[in-house]
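Just so you know, the protein sequences line up as chains G and W, in that order.
Position 334, counted from 1, in the first sequence is what our numbering calls 334; the numbers after and before it change by one each time, with no gaps.
Position 1, counted from 1, in the second sequence is what our numbering calls 1; the numbers after and before it change by one each time, with no gaps.
Worth flagging that the hints you see were computed from the coordinates, not collected in a lab.
Quick reminder that beta carbons are idealized off the backbone N, C-alpha and C, glycines included.
Incorrect hints may have been included.
[What the hints assert, rightly or not] Simulated restraints on C-beta separations:
(1) W:L66 with G:L28: 25 to 33 Å
(2) W:Q217 with G:A420: 21 to 29 Å
(3) W:P190 with G:R339: 46 to 54 Å
(4) G:A420 with W:Q153: 38 to 46 Å
(5) W:K250 with G:L323: 34 to 42 Å
[Stated by the list, open to error] Think about it this way: if two alpha-carbon atoms lie no more than 27 Å apart in a straight line, the pair counts; the simulated DSS-like pairs of lysine-lysine are:
(6) W:K205 with G:K541
(7) G:K432 with W:K148
(8) G:K432 with W:K103
(9) G:K541 with W:K148
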Amino acid sequence: MNAKTDDGDAPRPRRPGRSLLLLCGGALGFCLLLVAGQLVLIAWNGLDYFWPRDLVAFETKAGGKALGEVHARERFHPDGLAAGAELPTRIQVKVANRERTGADFAWIDERELAREWRPDDALLLERLEWGNFHGFLRAVKRGEETLAEGEAAWPLLLGLIDRKTAERAELAAFEKGELEDVTRALEQIRLARRRLELDAPAAAELAERTRALDAEAAWLETRYAALAERLAADRVRLDAESAVLATIDGGETALPVGAIVTALRPNALGLLGKLRLWCGRVVSFVVDDPRESNTEGGIFPALFGTVMMVFLMSFAVVPLGVLAALYLREYARQGVLVRLVRIAVNNLAGVPSIVFGVFGLGFFVYGIGGSIDRLFFAEALPQPTFGTGGILWAAMTLALLTVPVVIVATEEGLAAVPRAVREGSLALGATKFETTWRVVLPAAAPGMLTGVILAIARAAGEVAPLMIVGMVKLAPALPIDRHAPFVHLDQKFMHLGFHIFDVGFQSPNVEATKPLVFATALVLLLLVVAMNLVAVSLRNKLRRRYATSAV
Amino acid sequence: MADPSPAPAPGPATLEVDDLRLSYGESRALHGITLAIPRRQITAFIGPSGCGKSTLLRCFNRMNDLVDGVRTEGDVRFEGRTIFGPGVDVNELRKRIGMVFQKSNPFPKSIYDNVAYGPRVHGARRASDLDEVVERSLRGAALWDEVKDRLRQSALGLSGGQQQRLCIARAIAVQPEVILLDEPCSALDPVATAKVEDLMHELKKEYTLVVVTHNMQQASRVSDHTAFLYMGRLIEYGRTADLFVNPREKQTEDYITGRFG
Chain G
1 MNAKTDDGDA PRPRRPGRSL LLLCGGALGF CLLLVAGQLV LIAWNGLDYF WPRDLVAFET
61 KAGGKALGEV HARERFHPDG LAAGAELPTR IQVKVANRER TGADFAWIDE RELAREWRPD
121 DALLLERLEW GNFHGFLRAV KRGEETLAEG EAAWPLLLGL IDRKTAERAE LAAFEKGELE
181 DVTRALEQIR LARRRLELDA PAAAELAERT RALDAEAAWL ETRYAALAER LAADRVRLDA
241 ESAVLATIDG GETALPVGAI VTALRPNALG LLGKLRLWCG RVVSFVVDDP RESNTEGGIF
301 PALFGTVMMV FLMSFAVVPL GVLAALYLRE YARQGVLVRL VRIAVNNLAG VPSIVFGVFG
361 LGFFVYGIGG SIDRLFFAEA LPQPTFGTGG ILWAAMTLAL LTVPVVIVAT EEGLAAVPRA
421 VREGSLALGA TKFETTWRVV LPAAAPGMLT GVILAIARAA GEVAPLMIVG MVKLAPALPI
481 DRHAPFVHLD QKFMHLGFHI FDVGFQSPNV EATKPLVFAT ALVLLLLVVA MNLVAVSLRN
541 KLRRRYATSA V
Chain W
1 MADPSPAPAP GPATLEVDDL RLSYGESRAL HGITLAIPRR QITAFIGPSG CGKSTLLRCF
61 NRMNDLVDGV RTEGDVRFEG RTIFGPGVDV NELRKRIGMV FQKSNPFPKS IYDNVAYGPR
121 VHGARRASDL DEVVERSLRG AALWDEVKDR LRQSALGLSG GQQQRLCIAR AIAVQPEVIL
181 LDEPCSALDP VATAKVEDLM HELKKEYTLV VVTHNMQQAS RVSDHTAFLY MGRLIEYGRT
241 ADLFVNPREK QTEDYITGRF G
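Full structure from sequences and hints, please.
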């Protein structure tokens with residue numbers, strides 16, 4: 001107790017303020033604990049997923065064998081356990097080899113375990129299909145010819161995988177490049193024919209233009225056939241070499257090297273090697289395309305889609321919100337009507353987001369998009385161009401969703417600009433517009449950016465409305481590519497928020513993809529934090545520049 | 001009450017106020033003021049708080065227009081022409097009649113941009129012209145030597161007195177004919193006040209100055225003419241020397257001797 005209390009030695013009177021203070025502090029502490037716990041949980045689970053685990057071999061007393069990563073050890077209630085007996089332990093092992101065992105995971109009862117060891121040559125393959133493979137390398141073959149056997153096969157396999165990865169990338173570039181150019185050109189011709197039908201020109205012109213189109217189409221068809229042949233040949237070449245593999249239970253199988261993404265022997269890796277591998281996996285998770293209906297591979301398209309959608313949304317919402325706030329605060333006669341508008345705007349922020357989704361579908365997609373299609377893309381109908389969900393409509397829907405936030409924040413920023421500053425400008429003979437534009441708006445810019453920050457944070461995490469205005473589980477292409485006009489606002493897109501839901505709850509292999517949920521959530525979290533940091537630093541810069549508080 | 005001599009000074013009047021009445025909604029702030037402000041001299045308005053001196057000052061550049069529910073009757077003529085007529089361009093009027101406020105109100109911009117603001121608004125674009133105007137104005141406001149090395153820094157980093165002189169520089173940058181000063185020193189310390197007062201003496205050579213002050217020493221130090229207002233009425237108007245030494249009205253005498261107000 002402090003000696004300086006004014007009541008000296010007398011019993012201290014009850015101070016209700018003290019317990020209230022404790023209560024407030026406790027509430028804050030609890031909130032912080034929850035937030036920190038959430039962050040730690042997501043970060044730990046997300047990053048742990050990429051850490052290479054050892055492959056442990058198990059042999060049961062009955063002679064069964066398994067090779068896999070240990071994911072959990074837990075006590076369980078077996079049938080027929082005597083009352084009061086100690087609970088036995090079982091081990092959850094990711095055994096992979098999905099095409100053989102039917103499931104990625106197996107439970108092993110520790111009581112039945114005969115031995116457990118870590119073979120140095122245990123092999124882990126990441127494959128394009130069927131998930132991972134656990135086993136041992138026996139040989140590398142080209143056709144029937146054996147290229148290498150035993151230990152000599154391992155360095156050969158690694159070299160081959162590098163070469164095949166390069167070949168696969170080339171093939172993909174060829175498919176996305178030359179081949180797609182031709183298919184696109186053919187589609188253009190189909191559309192040109194349809195346009196011709198719709199235009200219905202004079203018979204002579206019709207015949208002439210049809211002939212031109214036919215000639216071009218024929219040329220393209222032959223070119224397509226040649227390219228397709230080349231593609232098939234390349235595919236065959238890609239699969240020429242195969243790895244002969246053994247599983248721990250004695251089975252043998254051959255796998256084309258072209259279908260292997262990476263090969264590693266985790267038990268032989270040191271800490272440094274594992275660390276390097278971990279970094280490589282994190283990077284490829286962020287920059288790679290997903291495989292196996294999103295349960296494997298990376299999340300790049302979802303990341304890209306999210307960022308682009310948020311950018312589009314910001315471009316739409318900032319001018320709209322700022323101008324609306326400007327009118328409400330600076331120009332509108334303050335009265336009952338403006339108060340009503342303000343209340344309505346504030347309430348708009350509380351409308352459930354799915355309602356905005358429905359509105360976006362009805363207004364943007366079917367209304368505006370449908371009209372655009374009828375006016376400019378009639379030849380493609382009934383296939384819709386803008387009349388279906390797309391990244392533009394998703395961004396517009398979210399802009400509508402977040403515009404109240406921007407309006408409110410901008411209004412507050414405008415209200416904080418001192419009257420004296422406005423008068424100073426007007427007294428110099430500036431008009432009201434000049435005053436607003438050159439003095440008030442810059443001074444209110446930090447407030448606006450606060451609104452933008454809140455809008456971005458909300459938009460990046462919103463999923464529900466997007467599901468009906470253009471977000472998809474798997475988009476075939478990014479909304480930006482090398483085909484004119486380069487930015488395809490009508491394209492469907494992937495989104496991290498939906499990716500989390502899809503991977504976690506819509507995939508056939510939930511147990512295996514659970515860590516992906518955390519990893520994707522971590523990326524989404526970091527993305528929102530990064531975008532906010534950019535906006536916050538911009539705001540602080542502006543605040544220093546346009547600080548209105550006099551010294 | 002005796003007639004409060006409307007034009008005490010010889011020489012031409014820049015502003016002529018003719019039976020000006022003004023009310024905010026129901027309450028009347030000015031009850032028929034008539035006076036004339038002589039050119040290139042300093043005229044001070046004194047009086048207790050709420051006497052209408054600031055309101056009268058803000059009529060001259062029509063800043064009262066910004067307040068809702070203001071009604072004015074009577075007339076103010078600037079260089080012989082009414083400022084209330086329908087054809088009057090308020091922005092042009094405010095360009096010719098500048099104003100410095102009680103609390104310094106630099107824009108949250110650099111020192112340079114503050115001074116260049118007026119000329120830019122009125123169409124100056126060439127960098128060399130603006131440089132020249134900024135230097136001339138800052139010199140005119142006796143601030144150049146103090147800020148010439150940090151023109152690009154924020155004006156909010158200046159001291160209170162410097163900020164007020166910056167506001168004066170900003171006002172003279174648009175080359176007005178009249179400068180209205182609304183208690184320009186009330187927030188300043190004595191040293192800064194002395195600098196602003198010296199500056200006013202300098203400015204008098206080129207501009208007509210009207211200053212509102214509640215500081216009678218200041219009024220007696222700087223002004224050539226003084227008008228004493230009380231409860232929205234002009235009580236006495238005359239040469240400063242006469243008014244302070246030999247007031248004609250009892251109320252004036254009571255006020256300047258500190259018996260009320």
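Hints versus structure:
At about 44 Å, the CB distance of L66 (chain W) to L28 (chain G) disagrees with the hint of 25 to 33 Å. At roughly 26 Å, the beta-carbon separation of Q217 (chain W) and A420 (chain G) lies within the given 21 to 29 Å, and the hint holds. For P190 (chain W) paired with R339 (chain G), a C-beta distance near 48 Å keeps the hint of 46 to 54 Å intact. Here the CB-CB span from A420 (chain G) to Q153 (chain W) is close to 21 Å, at odds with the stated 38 to 46 Å.
For K250 (chain W) and L323 (chain G), the hinted distance range of 34 to 42 Å is not satisfied, since their beta carbons lie about 59 Å from each other. Between K205 (chain W) and K541 (chain G) the alpha-carbon distance is near 43 Å, which puts this suggested pair outside the 27 Å criterion. A C-alpha spacing of about 31 Å is found between K432 (chain G) and K148 (chain W), which places the hinted pair above 27 Å, so the restraint is violated. Between K432 (chain G) and K103 (chain W) the alpha-carbon distance is near 21 Å, which keeps this suggested pair within the 27 Å criterion.
This hinted pair checks out: K541 (chain G) and K148 (chain W) have alpha carbons roughly 24 Å apart, not beyond 27 Å.
Hint check: violations occur at hints 1, 4, 5, 6, 7; the rest are consistent with the structure.
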